[in-house]
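From just these sequences and the hints, can you work out the full model?
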Amino acid sequence: MGSPENGSKKMWDELVRMVNDQFDTPQFRRLLSISFSRERAQQYSIQMAYYVKNRRDCWGYVQGAAPLDVKRLIWNHEQDELIGNKSEGKDDHITLAVKEGAVLGLGAEAFDTTPVLDGGMTCFYSWLHIAQRPWLEAIASSAILEMRNSSELIQGGSLSKRIGEIFARDLGIPLKKQINNAEHVVMDVEHAHMLYQVAQKHATTEAARKAILRGAKESLMIDRVYRGHLAEMLETLP
Amino acid sequence: MSIVNELTATLDKMVNDQFESPEFKHLLSVPLTLERGRFYVVQSALYTSNRRDCWGYVQGSAPLEVKRVIWQHESDELVNDPRANMDHYTLTVKQGEVVGLKPEDFEKAELPPMVRACFYAWHHIAIRNHWLTAYASSHMLERRNNGKIVKGGGMSYRIGKKFENELGINLKKMISLDVHVVADMDHSENISEIFHRYVKTPEDRDLVLKGAEECMAIDRAYRGALGYYMERIE
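For the protein sequence lines, the chains are D and S, in the order given. For the first sequence, our numbering assigns the number 191 to the initial residue and increments by one for each residue that follows. For the second sequence, our numbering assigns the number 19 to the initial residue and increments by one for each residue that follows.
Simulated from the structure, these hints should not be mistaken for lab results.
In silico SDA-like cross-links for lysine to any residue, where the CA-CA straight-line distance does not exceed 25 angstroms:
#1 S:K112 x D:N266
#2 D:K243 x S:N208
#3 D:K391 x S:Y65
#4 D:K289 x S:P81
#5 S:K112 x D:V260
#6 D:K276 x S:P100
#7 D:K276 x S:V97
#8 D:K243 x S:K218
#9 D:K280 x S:V97
#10 S:K120 x D:H392
#11 D:K276 x S:E211
#12 S:K120 x D:V260
#13 S:K112 x D:D259
#14 D:K243 x S:S210
#15 S:K126 x D:H392
#16 D:K243 x S:D94
#17 D:K243 x S:H148
#18 D:K276 x S:E83
#19 S:K126 x D:T394
#20 D:K280 x S:R86
#21 D:K391 x S:E128
#22 D:K276 x S:D94
#23 D:K391 x S:P121
#24 D:K391 x S:A127
#25 D:K276 x S:P81
#26 D:K243 x S:W149
#27 S:K126 x D:V260
#28 D:K391 x S:M104
#29 D:K243 x S:I145
#30 D:K280 x S:L82
#31 D:K280 x S:N98
#32 D:K276 x S:D204
#33 S:K126 x D:P257
#34 D:K243 x S:H214
#35 D:K391 x S:L64
#36 S:K218 x D:T303
#37 D:K243 x S:E211
In structure tokens form, the structure reads like this:
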């Protein structure tokens, strides 16, 4: 039997492999092969705002169930997401999504009046379900989505980076003007390491490491379903 | 009278009535010894942790702007309260030094069965209800600690006075109790403002009342449990 340190390293390598494999799945390939018209980009942007809100729901539940030291890490994480950083002139991530929408020609009201995608709602409830499971599974299910969005970990670039590049290619909007995508390209590199930090302290047994892998695996499965629904929606639009 | 004014008047009556309940009267009448005081302080730290759990769950289900209010609230509790320059759990552990407790006494502390049942019950309300119910439940414990609302002083104040009168420890030295005498006035007022924004119909009001009533019932059970266990300490 290996040491806990070896166990953590092995688990981390497995998580990194899983998030890279995500981009080779049919759902991700389908989404990333779509040409984005302005209307498609607008709808994608609106649905991603719902996704961001669901992340806030899930992280709240994870914070509730986690030990005190992990609660603090999550609280800090949620500052960027929920509040922003006034001293650095950074908006919260919902505001960023709405501002990015303006670049695509969307008014703020479009984010309130456009309904959430049926498949999106279904996936959001699934993620909420995992977020209320034992805390190691729960935190893994939320943190893995940020690992999947870290260009430091994903060969070929994270999802936000790849979508940003498609917007630039198809719509001529440079990444720096896509303020929400651009922010996530940077922030999720930082946020992706939270799970490793937590695992080093708390995942000291094989059972704990299995719990993390289980939460991560199920979340990535829902993520594939969600991206598949997004692709399907986009394909129905001109 | 508006629906919210009527609601807050009801909530104020409920938190005042807590102190007339047999459980509260019993707890506040159990004579303090140093050992009983230590038990109470350790249990307070566990109670604080349970509050952090519940507010996290409430944050999970609440609308975005309410999440932000809770996040700010948790800044004092979880990260740093500028009144004390530390978070509230650390504050409770630090307070323990006054009654001879060490940090390891908190680390190895166990939840007595009746207390555990109460904590799980609070979790249940926070996780399994409409957000207004969950929110009201967590809010009521701070309202019940607000000396501007509770005649005769909130719970922290009264317990602090017991330590002062029965163990000769000045309330100012009971730093966690002392901070909460003030902090929960601010917290319960900030949090209470949300009712003005979100309670518009009798259905909304009933959701709040459900959380408040159930929380107060658990609070009575919890205080009754503390009184029971403290009385058994020589």
